[in-house]
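Taking the hints into account, I'd like the entire structure generated from these sequences.
Top line first, the protein sequences correspond to chains A and B.
Residue 114 in this note's numbering sits at position 114 of the first sequence; the count goes up by one each step and never skips.
To convert, take the position in the second sequence, counting from 1, and add 226; that gives this note's numbering.
Think of the hints as simulated: they come from the structure by calculation, not from any bench.
Treat the hints with care, as some may be off.
Claimed, not checked - Calculated Cβ distances over 12 Å to all of chain B for the following chain A residues:
id	residue
1	Ala19
2	Asp29
3	Ser49
4	Ser67
5	Pro100
6	Arg141
7	Ala155
8	Leu168
9	Asp205
10	Ser213
11	Arg214
12	Gln215
13	His217
14	Asp220
15	Glu222
Unchecked claim - Residues on chain B that point at chain A, a partial pick, calculated with CB under 7 Å:
id	residue
16	Arg258
17	Ala549
18	Gly551
As the list claims (entries may be wrong) - Label pairs and their computed distance ranges (CB to CB):
id	chain 1	residue 1	chain 2	residue 2	range
19	A	Glu121	B	Gly514	51 to 59 Å
20	A	Thr14	B	Gly514	53 to 61 Å
21	B	Ser513	A	Val20	34 to 42 Å
This one's a predicted model, so the numbers in the text were calculated from it and none came from an experiment.
Note that beta-carbon positions come from the ideal geometry of N, C-alpha and C, so glycine has one too.
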Amino acid sequence: MTQHVVECQGVSRTYQDDAVPVHALRGVDFAVGTGEFVSLAGPSGSGKSTLLHVIGGLDRPNEGAISVDGEDINALGDSELADLRLNKIGFVFQAYNLIPVLSAQENVEFIMQLQGVDAAERGERALGTLDSLGMRDLADRRPGEMSGGQQQRVAIARAIVTNPVLLLADEPSANLDTGTTGELLELLKRLNKERGVTIVTATHDPMVMGYASRQVHLRDGEIVSE
Amino acid sequence: MAAADIAEAPPVAGPAGTGSVGIGLHMRVAWRNLWRNGRRTWLTAGGIAFSIFLCVVFMSFQLGSYDGMIDTATGMMSGHMQVQQVDYFDDPKVANRIAQGSELLRELEQSPDIVAAAPRVEGFALVSVGERSFGGLVMGVDPVREPEVSALSKQIVEGEYLPRADSAYVGKALATNLGLRIGDEIFVMGSALEGGVAAALFTVDGLFDTGQVELDRSIMQVPLSAVQSAFDLGDSVHRIVLMGRNANDATAIAERLAPALPEGVRILDWDKLLPELRQMIQMDAVSGLIIYVLLVAIVALSVANSFTMTVFERTREFGMLIAIGMRPGGIVAMIVIEALCMWVVGTAIGAAISFSLMAGLGVVGVPIAGLEDMAGQFMMPERIHPEVSFFTLGTAPLVLLVGTLVAGLIPALRVRRLKPVEALREEE
Numbered sequence: 001m002t003q004h005v006v007e008c009q010g011v012s013r014t015y016q017d018d019a020v021p022v023h024a025l026r027g028v029d030f031a032v033g034t035g036e037f038v039s040l041a042g043p044s045g046s047g048k049s050t051l052l053h054v055i056g057g058l059d060r061p062n063e064g065a066i067s068v069d070g071e072d073i074n075a076l077g078d079s080e081l082a083d084l085r086l087n088k089i090g091f092v093f094q095a096y097n098l099i100p101v102l103s104a105q106e107n108v109e110f111i112m113q114l115q116g117v118d119a120a121e122r123g124e125r126a127l128g129t130l131d132s133l134g135m136r137d138l139a140d141r142r143p144g145e146m147s148g149g150q151q152q153r154v155a156i157a158r159a160i161v162t163n164p165v166l167l168l169a170d171e172p173s174a175n176l177d178t179g180t181t182g183e184l185l186e187l188l189k190r191l192n193k194e195r196g197v198t199i200v201t202a203t204h205d206p207m208v209m210g211y212a213s214r215q216v217h218l219r220d221g222e223i224v225s226e
Numbered sequence: 227m228a229a230a231d232i233a234e235a236p237p238v239a240g241p242a243g244t245g246s247v248g249i250g251l252h253m254r255v256a257w258r259n260l261w262r263n264g265r266r267t268w269l270t271a272g273g274i275a276f277s278i279f280l281c282v283v284f285m286s287f288q289l290g291s292y293d294g295m296i297d298t299a300t301g302m303m304s305g306h307m308q309v310q311q312v313d314y315f316d317d318p319k320v321a322n323r324i325a326q327g328s329e330l331l332r333e334l335e336q337s338p339d340i341v342a343a344a345p346r347v348e349g350f351a352l353v354s355v356g357e358r359s360f361g362g363l364v365m366g367v368d369p370v371r372e373p374e375v376s377a378l379s380k381q382i383v384e385g386e387y388l389p390r391a392d393s394a395y396v397g398k399a400l401a402t403n404l405g406l407r408i409g410d411e412i413f414v415m416g417s418a419l420e421g422g423v424a425a426a427l428f429t430v431d432g433l434f435d436t437g438q439v440e441l442d443r444s445i446m447q448v449p450l451s452a453v454q455s456a457f458d459l460g461d462s463v464h465r466i467v468l469m470g471r472n473a474n475d476a477t478a479i480a481e482r483l484a485p486a487l488p489e490g491v492r493i494l495d496w497d498k499l500l501p502e503l504r505q506m507i508q509m510d511a512v513s514g515l516i517i518y519v520l521l522v523a524i525v526a527l528s529v530a531n532s533f534t535m536t537v538f539e540r541t542r543e544f545g546m547l548i549a550i551g552m553r554p555g556g557i558v559a560m561i562v563i564e565a566l567c568m569w570v571v572g573t574a575i576g577a578a579i580s581f582s583l584m585a586g587l588g589v590v591g592v593p594i595a596g597l598e599d600m601a602g603q604f605m606m607p608e609r610i611h612p613e614v615s616f617f618t619l620g621t622a623p624l625v626l627l628v629g630t631l632v633a634g635l636i637p638a639l640r641v642r643r644l645k646p647v648e649a650l651r652e653e654e
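Spelled out as structure tokens, the structure:
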């Protein structure tokens, strides 16, 4: 039996845009098995980012149930949800979102410090992870001193250094050129294959979709095909 | 992309994380964040430094002038303390006297807290020269002991201070009113202890001018024994004026001496003897306090503005921190530590300048040239020594520390209401 890292049942999310309700998700049923590389695809406004956010506990659905690694997200308070994100989910954002005043190594260490990992182990693991992503030589550089692709690799290092059960990537290639996107996708694929990291990306980039082992298409807040 | 094998990192040691970071990383992040907008930081820290400088300088001079005022006022006539018959302060009539004056004076002089003591007898009398008469206070003093408790003898402008048994030392304004000169005789007539007439003849040997007209036109000093004899007072005295080492110790010394005093006699410190001095100091302190509070409020608003900008500019960054699992409380703490760092920078500058300036001026003092008339009227010394103490140097930085932290905390609390999805959409 396939173990599910993510399970969504009847998930709906409605925003109020002024007085007009916007149905971002309409009763979505969706599951991700352990070790899968899933691409949520669809045009702008299709609900792919919203689905990624509710899975990651950054947003709460109006209806439906979501569980991540067996934990019912709806039952968690804000603090418990923060702990879930910290300990079980890795995030990679479109705009990298590194802490600009910290070096690459410090950025990777930061999340481990949130977890209470001691300094020696933090340094060792941060450098090891940066090394595995080909970034060790740039460990002392701050985000402003790196290219977009390099920053995104540091963001991936930060996301995987804690061994999350789930890696969520929201438009990870949006700010990258084709060459760098290719390198990034190879990296994600290797993470998925070699370390068995479960990956869910939200993208409208066909190149990203092509690397995923499973594509889920959304339109108007509903899954239209898989 | 040439990367090493992606080896799995070892599992997280210890319990699952709590979403807060150690103080070391907080400090490092806060300190570096402070310099992301160096100009703003320098302006805000400069405001903190300037207000610390102003507060320290004003407070040091204010409290330094109080010490000078107290020393000048107590040194002129009242002394640090006085021993009196219990009713004499409220009802200064001749009968309210201390009967065994000499004996009590000797006992008080034995106290290690007492540096100087001098007896006084007083009586209101008519002072006459020829056809002219004025009412005044005739004060019998010990010509040797009196200069140790009172600066009146130093205010001499003409003649000598009580060189003979029938000498009179007269205020210049009183002398002018009576048309007196050195060597003139004056006749004093009052009411003696038993209701008879107290009368005595004195020769003016000295004139004084304190700058306080009220004093100069109403007082004359003569030798103690002459007044005791004229008013039938025997060994009685009305006041024993005492000086300790410091006016600030007077209350404590008075409390120590009080139990040993005879029945019907009490000791008053300068605070009770000169209530108008205490009121003047309190009024001045309150007006100073209002200025300090306004100054701190202005700086706190400036800091609050600076951190409001910070929170708005870094909304997306805070959204990211919440997204990766940092709790809003941790972010608030990080911003408050930034405010603390801001205070450290401002305080270091403000304290360095004001402390070094006050340390120097505290030793040499600052003359109030050209303000002698005002100084005399307000019992101020001719040279103000700013007070250099933990209170004057430390109060402004500590109050501003609280103000800065509160000013940093208020905008930081906005982070607690931050929704990560909306925050991540914000433009940097």
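To see whether the hints hold, each was checked on the structure:
No beta-carbon of chain B comes within 12 Å of the beta-carbon of A:Ala19; the shortest separation is about 18 Å. Non-interface status of A:Asp29 relative to chain B is upheld: no Cβ of that chain comes within 12 Å, the nearest being about 22 Å off. Not every Cβ of chain B is farther than 12 Å from the Cβ of A:Ser49; the closest lies at roughly 9 Å, contradicting the non-interface assignment. The claim that A:Ser67 lies off the interface holds: its Cβ sits roughly 18 Å from the closest Cβ of chain B, which is beyond the 12 Å cut-off.
Interface exclusion of A:Pro100 from chain B breaks down, the closest Cβ pair being 7 Å apart, not more than 12 Å. Non-interface call for A:Arg141 relative to chain B: holds, since the shortest CB-CB distance, roughly 14 Å, exceeds 12 Å. Residue-level check failed: A:Ala155 sits 10 Å from the nearest beta carbon of chain B, not beyond 12 Å. At roughly 9 Å, the least C-beta separation between A:Leu168 and chain B is not larger than 12 Å, which violates its mark as non-interface.
With a closest Cβ-Cβ approach of about 18 Å to chain B, A:Asp205 is found to remain outside the 12 Å limit, as its non-interface label requires. Every CB of chain B is more than 12 Å from the CB of A:Ser213 (nearest about 17 Å), matching its label as outside the interface. For A:Arg214, the shortest C-beta to C-beta distance to chain B comes to about 21 Å, beyond the 12 Å cut-off, and the non-interface label holds. No beta-carbon of chain B comes within 12 Å of the beta-carbon of A:Gln215; the shortest separation is about 24 Å.
Non-interface call for A:His217 relative to chain B: holds, since the shortest CB-CB distance, roughly 22 Å, exceeds 12 Å. Listed as outside the interface, A:Asp220 is consistent with that label: its C-beta sits roughly 19 Å from the nearest C-beta of chain B, beyond the 12 Å cut-off. Listed as outside the interface, A:Glu222 is consistent with that label: its C-beta sits roughly 20 Å from the nearest C-beta of chain B, beyond the 12 Å cut-off. Residue-level restraint check for B:Arg258 holds (minimum Cβ-Cβ distance to chain A is 4 Å; threshold 7 Å).
Because the smallest distance between the Cβ of B:Ala549 and any Cβ of chain A comes to about 5 Å, under 7 Å, the interface hint for this residue holds. Checking B:Gly551 against chain A by beta carbon gives a least distance of about 2 Å; that is within 7 Å, so the hint holds. Take A:Glu121 and B:Gly514: their Cβ atoms lie about 55 Å apart, and the range 51 to 59 Å holds. For the pair A:Thr14 and B:Gly514, the beta carbons lie near 60 Å from each other, so the given range of 53 to 61 Å is met.
In this structure the hint that B:Ser513 and A:Val20 lie 34 to 42 Å apart at CB is violated, the actual value being about 59 Å.
The structure fails to meet hints 3, 5, 7, 8, 21 from the earlier list, while all remaining hints are met.
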